[in-house]
Amino acid sequence: MSPREMVGRIGFYTLVALATAFFALPMLWLVSTPFDAQPGLALAIPDPTLGNFSELLDNRYALGSLLNSILLAVGTALLVVAFAATAAYSLSRVRIPGRDVLLYLLLLLSSIVTGTAAMVPIFLLMFELGLIDSRVGVVLVLSGGLLPAAIFILKDFMDSVPKSYEESARVFGASSFQILKDVVVPVIRPGLATISVWTIVNVWGNFLVPFILLRDADKQPAAVLMRTFYTEGGSPNLELISTFSLLFSVPVIVMYLFVNRKYGFRFYGGIKS
Amino acid sequence: MRRTVRLIAVTTGLALAATGCLGGTSEEQTDTERGAEATEVTLTIAANAVSGGKNAEEADWIENYVIPEFVAAQEAEGVDVTVEFQSSGVDDEDYKSKIALDLRTGSGADIVSLDGIWVGEFAEAGYILPLTEVVGDTVEEWDGWEQIPDAVQANMSFNDERYGVPAGSDGRVLFYNKELFAQAGLPEDWQPTSWTEILDAARALQGIDGVTPIQLNAGTAMGEATTMQGVLPLLVGTGERIYDEDGGTWQGNTQNIRDVLGFYQTVYGEELGDPTLQQEAQGRDKSFAEFAAGTIGILMEGDYFWRSVIEPTQGVAPMANRDEVVGFTRLPAMEPGSGIEEQDFVSMSGGGGRVLNPATEFPQQAWELLTFMNSADATIELIGDGARLTQREDVNSEILADDPMLSFIAEEVVPLSAYRPGLAVYPQISVALQQATLDVVTGMPPEEAAAKYQQAVEAALGGADDIASD
Amino acid sequence: MAQKTELPPAEQPAPAAKPRSKPATDVAGLGRGRAAAFVAPAMALIAVFLVFPALWTIYIGITNYRLTGVQAREPEVVGVDNYVRALGDPTFHNSLFLTLIFVLFSAVIGQNLLGFSLARSLSTLRPVLRRVVESLVLLAWIIPSSIVAFLWLALLDRDAGTLNVLLQTSGFAWLIEYPLVSIIIFNIWRGTAFSMLLYSAALASVPPSQLETARLVGASRWQTLRDVVFPHIRGHVLTNTLLISLWTFNDFTPFLITAGGPNDRTEILPVYIYNTAISGGQMGYGAAVSLIMLLINLIIALFYIRLLRERK
Chain X
62 MSPREMVGRI GFYTLVALAT AFFALPMLWL VSTPFDAQPG LALAIPDPTL
112 GNFSELLDNR YALGSLLNSI LLAVGTALLV VAFAATAAYS LSRVRIPGRD
162 VLLYLLLLLS SIVTGTAAMV PIFLLMFELG LIDSRVGVVL VLSGGLLPAA
212 IFILKDFMDS VPKSYEESAR VFGASSFQIL KDVVVPVIRP GLATISVWTI
262 VNVWGNFLVP FILLRDADKQ PAAVLMRTFY TEGGSPNLEL ISTFSLLFSV
312 PVIVMYLFVN RKYGFRFYGG IKS
Chain Y
198 MRRTVRLIAV TTGLALAATG CLGGTSEEQT DTERGAEATE VTLTIAANAV
248 SGGKNAEEAD WIENYVIPEF VAAQEAEGVD VTVEFQSSGV DDEDYKSKIA
298 LDLRTGSGAD IVSLDGIWVG EFAEAGYILP LTEVVGDTVE EWDGWEQIPD
348 AVQANMSFND ERYGVPAGSD GRVLFYNKEL FAQAGLPEDW QPTSWTEILD
398 AARALQGIDG VTPIQLNAGT AMGEATTMQG VLPLLVGTGE RIYDEDGGTW
448 QGNTQNIRDV LGFYQTVYGE ELGDPTLQQE AQGRDKSFAE FAAGTIGILM
498 EGDYFWRSVI EPTQGVAPMA NRDEVVGFTR LPAMEPGSGI EEQDFVSMSG
548 GGGRVLNPAT EFPQQAWELL TFMNSADATI ELIGDGARLT QREDVNSEIL
598 ADDPMLSFIA EEVVPLSAYR PGLAVYPQIS VALQQATLDV VTGMPPEEAA
648 AKYQQAVEAA LGGADDIASD
Chain G
68 MAQKTELPPA EQPAPAAKPR SKPATDVAGL GRGRAAAFVA PAMALIAVFL
118 VFPALWTIYI GITNYRLTGV QAREPEVVGV DNYVRALGDP TFHNSLFLTL
168 IFVLFSAVIG QNLLGFSLAR SLSTLRPVLR RVVESLVLLA WIIPSSIVAF
218 LWLALLDRDA GTLNVLLQTS GFAWLIEYPL VSIIIFNIWR GTAFSMLLYS
268 AALASVPPSQ LETARLVGAS RWQTLRDVVF PHIRGHVLTN TLLISLWTFN
318 DFTPFLITAG GPNDRTEILP VYIYNTAISG GQMGYGAAVS LIMLLINLII
368 ALFYIRLLRE RK
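Protein chains in written order, with my numbering: chain X, 62 to 334; chain Y, 198 to 667; chain G, 68 to 379.
So here's chain X without its partners, still in its complex pose:
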């Protein structure tokens, strides 16, 4: 390696290190405070203890809420990926007049529906449909809100996929659905992975929709439970909050690594151009 290349490499690794430090620095609070017997709002040398964890596990909703979060997140992700993939494929391949305008419009409308101003209409709608206190209802509402962006992103991926494979498959008599399933999906995997991770993250942190629609405390997801770790006057109970945050983050990282391995953001051959 020439000296110039070496300097380049060192420079490169320095930048990566800086970026890593930038992302890691604020997290220090998250990893030190749960183990601190006297947690505060600023970083401090922890007074080491595992007591916060046992205090958390005493809470009868803690683990159940994580399970609820997983159910909601996975349910919504499956729904969104399936519907968005079929819709995006069709919108990408068939020229429907006005499709771009429609998509942008839906995308913008989704920003209204995820805000608090839409809280009343959503509640009243779900009440009329009899879907209050139902996790299925929560999944449906969240999916509706996430689909436009998902279709938007996936259509983009679909557009850039060459059509030669599909044409070949057509010749051999494959049905449209088969083509979608066996030819397009494998190619589009990185996009599907992005969508599923994005959906999971959005559902995982969503407080308002499950809060408004669910009534039974055993059905509530972790994002809602987190908001209960305050005193009556609104002061945060940092022992519970910091510990729960740590536990709360773990399943999502695991899900991300799983999706990454299964779908991958890498692209293992297949299309020659």
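It is worth saying that the hints were derived from the structure and are not from the lab. It cannot be assumed that every hint is accurate.
[Stated by the list, open to error] According to the in silico footprint, chain G covers these stretches of chain X (three or more CB under 8 Å from chain G):
hint, region
1, 85 to 92
2, 97 to 104
3, 158 to 168
4, 198 to 210
5, 259 to 266
6, 273 to 282
7, 304 to 312
[Unchecked claim] A few chain Y positions that, by computed beta-carbon distances, are all more than 12 Å from chain G:
hint, residue
8, G232
9, E318
10, D334
11, Q403
12, I405
13, M419
14, E421
15, E442
16, Q452
17, E477
18, Q479
19, G534
20, E538
21, F559
22, I580
[What the hints assert, rightly or not] Ranges of calculated distance between the beta carbons of each label pair, as one might list FRET restraints:
hint, chain 1, residue 1, chain 2, residue 2, range
23, X, A98, G, S188, 33 to 43 Å
24, Y, G466, G, G238, 39 to 49 Å
25, X, A82, G, E244, 54 to 64 Å
26, Y, E467, G, E244, 18 to 28 Å
Where is the CB? At the ideal position from N, CA and C, for every residue including glycine.
Given chain X, put chains Y and G in place with the hints provided.
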């Protein structure tokens, strides 16, 4: 394009049709005797409490005492009752939205916990009805009413009608650190009788290094805590409530408001308080931590501070030597006799209660459950080992005897307390007050801040009527 | 390649409906009918759970509806009053200005550039290292807003914050002195993960053969980027920028760190709505401002489309 247009047209049509549902609430059931003869009854209690989280004691009490006891008592009378508890435990504003939506559709629990200042707006919206309309005149015959002071009852009333049963009360006092006072040469049993004496004590504390003499909530970051533990207690000390019920007027740019803002200016102008702290997002919690660490001398707060924040074992900013080191005293009026009702000392109280859902299927049984929850025995059971103010005087005199702070509040503070007006526009007035204090803290002269406040109030009310100014 | 004429007649789309100038892209022989069937499930869900409540909310924007109080029972249609009020409110103008700056620097420039750089650089790292860095970046995005707020308050705390400890500048209140800069950097930290994910997937679709060719002819890294990579991902750049702008525009999280202050210096539009409409309970006004925000986002989106489509 056609498809797009069609889609929009259809959904717009649906939306317009459904918006007929926007106004109005569920049909009012006027038959108070409905379901009275039923032998199988289901009741639900809703409260902003959750086991293991916010207000856990209340949640546990409902699940472990109220429900089993009530079900057993009813069984003895041959009625099969199922009682469920719908817990929440979130921020008050979020809880408020949730129950508003439930009450609006006639669904939700039969007994609902409500903050006192929401009663007015919920009543105006038609979400709740006076108890006599839901249950009948038997409500007046409950013996519990005699044990609940009139002012506390008024907290759960609107237009002089009872809408619910209060569930407790509180009061605001001045907390101070006796050790710091000793260092500054101030008396251990401090009782200021005017604002000037508060300022003098603060100036004495200023001499101690690393100590902020006084924490007076200001600014918008602290939200309602600024108004309730800052502006309003001072305001009633000048002789006026923020809303005068008799005249139907709100305080605008009046001398009283200017006096309050002037006090803020003195405190922050002379650096007796920490202005930066008032602007930080977590400033209030930080101020609690600082008081617990002994770096703040005087703090104005409610009894909540004593029993939930600096409480030695369970508090969020615990002080192991709280009972020895922390003193408390009544809040003086601006001058002796200048407070409302010509009081020398003043305070503000909040608190909530429980109402009945007008759409309940079993109004008589729900009322029975509600009175059970508010019986002397049940109230004592709720308090358990802790200590907090209850709504019943008989319970208070029994259990608070051991806790000097809370019996102090019950006997000396609550009787002279004022309450906030339960009107829908109050939150906007509150924000205007918070902004006014922020302006003063960041350097605006009080007169200017008061004039700006007046404009904000006019904007909130939609005009200058109903505003007192001079 | 097989031609369409070999397909059974029933599969052929009606020729009159197809514009003759454009080549047929319907290679899967979807046809109008099946295309509609593919789109139907998503559209049904969207129509019921998104479009309907959204239009309803827009309707609320022309009333004086509140969740409690008299106006809950009898809301009146006030027409454009809410809009006139918003557009004439200097606080609103301040808010809009702050939001535009916030979106421009933290999303359009910040997240885009950092996300792209990370996506590109990380592909050359060893897998273990890559996974660690990716996980950290992702963690920043996953952790719920209320927790992230604590993290940043702890980082920037005046007295004992991590940053002040590292830089030995105890007592410096970053959030009071440089509030807008703080939340911009915060938002870059918070949202880069999505751009990184998207660009990772996008870069994966750049044909390796073309990259190889560029390397062989001795193109510099910058030239390769400009001439080989960018054309392939132009669509993705548009998508990404559009989405992160929209999301950043509507992001409420900075409120948890600065509470819109000090003294409104970080009162971005979502915080403005919260302060005026939600905590005051004026849902009608809040809905109206939401629609204004939507229209502003529409203008921004059109601007992006022109910018990124024009260079053809």
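Against the structure, the hints:
no.	hint	result
1	85 to 92	holds (count 7)
2	97 to 104	holds (count 4)
3	158 to 168	holds (count 3)
4	198 to 210	holds (count 8)
5	259 to 266	holds (count 4)
6	273 to 282	violated (count 0)
7	304 to 312	holds (count 3)
8	G232	26 Å, holds
9	E318	4 Å, violated
10	D334	26 Å, holds
11	Q403	18 Å, holds
12	I405	18 Å, holds
13	M419	9 Å, violated
14	E421	9 Å, violated
15	E442	17 Å, holds
16	Q452	26 Å, holds
17	E477	7 Å, violated
18	Q479	6 Å, violated
19	G534	36 Å, holds
20	E538	29 Å, holds
21	F559	25 Å, holds
22	I580	31 Å, holds
23	X/A98 x G/S188: 33 to 43 Å	40 Å, holds
24	Y/G466 x G/G238: 39 to 49 Å	21 Å, violated
25	X/A82 x G/E244: 54 to 64 Å	23 Å, violated
26	Y/E467 x G/E244: 18 to 28 Å	23 Å, holds
The structure shown violates the earlier hints numbered 6, 9, 13, 14, 17, 18, 24, 25.
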